[in-house]
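At the far end of the sequence shown sits residue 225, using our numbering, and the numbering has no gaps.
Accuracy of the hints is not assured; some may be wrong.
Said to hold, decoys possible - With a cut-off of at most 25 Å between alpha-carbon atoms, the simulated SDA-like pairs for lysine to any residue come out as follows:
| no. | residue 1 | residue 2 |
| --- | --- | --- |
| 1 | K173 | D40 |
| 2 | K167 | D40 |
| 3 | K24 | E39 |
| 4 | K167 | S141 |
| 5 | K24 | P188 |
Keep in mind the hints are simulated off the structure, nothing from the lab.
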Amino acid sequence: MFGRSKWDVWPCTHSCTAFFHIAKSEVSHLVPAPLVVEEDGEGRAQIVVSYIRFRAGTHSLPATEELAWGIAVKRIKGLGLAIYAMNVAADNVGFLDYNAGIGFDVHRPPVRFDTDLDRRTFRVEDDAGPICTLRHQPEGSLPLPFLPFTTEDWTGRAGSLERRLFKWRGVAKLHLAAAVATTLHDHPFFRGARVSRANPVPAMVLSSTKVQNAAQCFSAPTPYA
Numbered sequence: 001m002f003g004r005s006k007w008d009v010w011p012c013t014h015s016c017t018a019f020f021h022i023a024k025s026e027v028s029h030l031v032p033a034p035l036v037v038e039e040d041g042e043g044r045a046q047i048v049v050s051y052i053r054f055r056a057g058t059h060s061l062p063a064t065e066e067l068a069w070g071i072a073v074k075r076i077k078g079l080g081l082a083i084y085a086m087n088v089a090a091d092n093v094g095f096l097d098y099n100a101g102i103g104f105d106v107h108r109p110p111v112r113f114d115t116d117l118d119r120r121t122f123r124v125e126d127d128a129g130p131i132c133t134l135r136h137q138p139e140g141s142l143p144l145p146f147l148p149f150t151t152e153d154w155t156g157r158a159g160s161l162e163r164r165l166f167k168w169r170g171v172a173k174l175h176l177a178a179a180v181a182t183t184l185h186d187h188p189f190f191r192g193a194r195v196s197r198a199n200p201v202p203a204m205v206l207s208s209t210k211v212q213n214a215a216q217c218f219s220a221p222t223p224y225a
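Let the sequences and hints guide you as you build the complete structure.
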């Protein structure tokens, strides 16, 4: 699966990741112990919603658009961000089957994406209705290389927890204002959390630029210990 590298590399062409404050009561029951929801100074939880477009070929899959969300939790090992992965949606069954097979919860059936890269707008829906619209402005943003820090990524499989490390490869843009025209809908994809009440976190919108080596990278999973 990982070849000579310890990282499972998923080349991509574009992404948009936005962070939101939400009442802790909306999501705390979704996070299994011993993980602990991360709180800000006002006692609010934080969720992250991400769009990404993967190149064709990884694990023999076609080009894929993905929407994922998770809940920020206290990191168990090391420093930096930690996320409990809640749900993964995509536009093809093969990608969903692959992710379900490695322990991620997936949203079925496949969803529909309406993306406008020129306007940096990403709309996602399925037969149950709209899920979200993510939008960011390239103007007034700061380009920066992805630093060599990792995110602790947790999944639950059959009542047990698995830990992966996650990192980006490529170049990002940090947007200094909250997500522009971003809308989250109360949809089954969000597992009952009333995300329409969530508020974008200022200066916490990251997007990738189209560079040849852009990729998401995951380490092999290890059980919670």
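Hint check results:
1. Distance hint between K173 and D40 is fulfilled; the C-alpha atoms sit about 24 Å from each other, no more than 25 Å.
2. Using a Cα cut-off of 25 Å, the hinted pair K167 and D40 holds, with the two alpha carbons roughly 23 Å apart.
3. Note on K24 and E39: the hinted pairing holds, with a Cα-Cα distance of about 8 Å set against a maximum of 25 Å.
4. Between the alpha carbons of K167 and S141 the distance comes to roughly 21 Å, so the proposed pair stays at or under 25 Å and holds.
5. Among the hinted pairs, K24 with P188 is consistent with the structure: their alpha-carbon atoms are about 18 Å apart, no more than 25 Å.
In this structure, none of the earlier numbered hints is contradicted; all agree with it.
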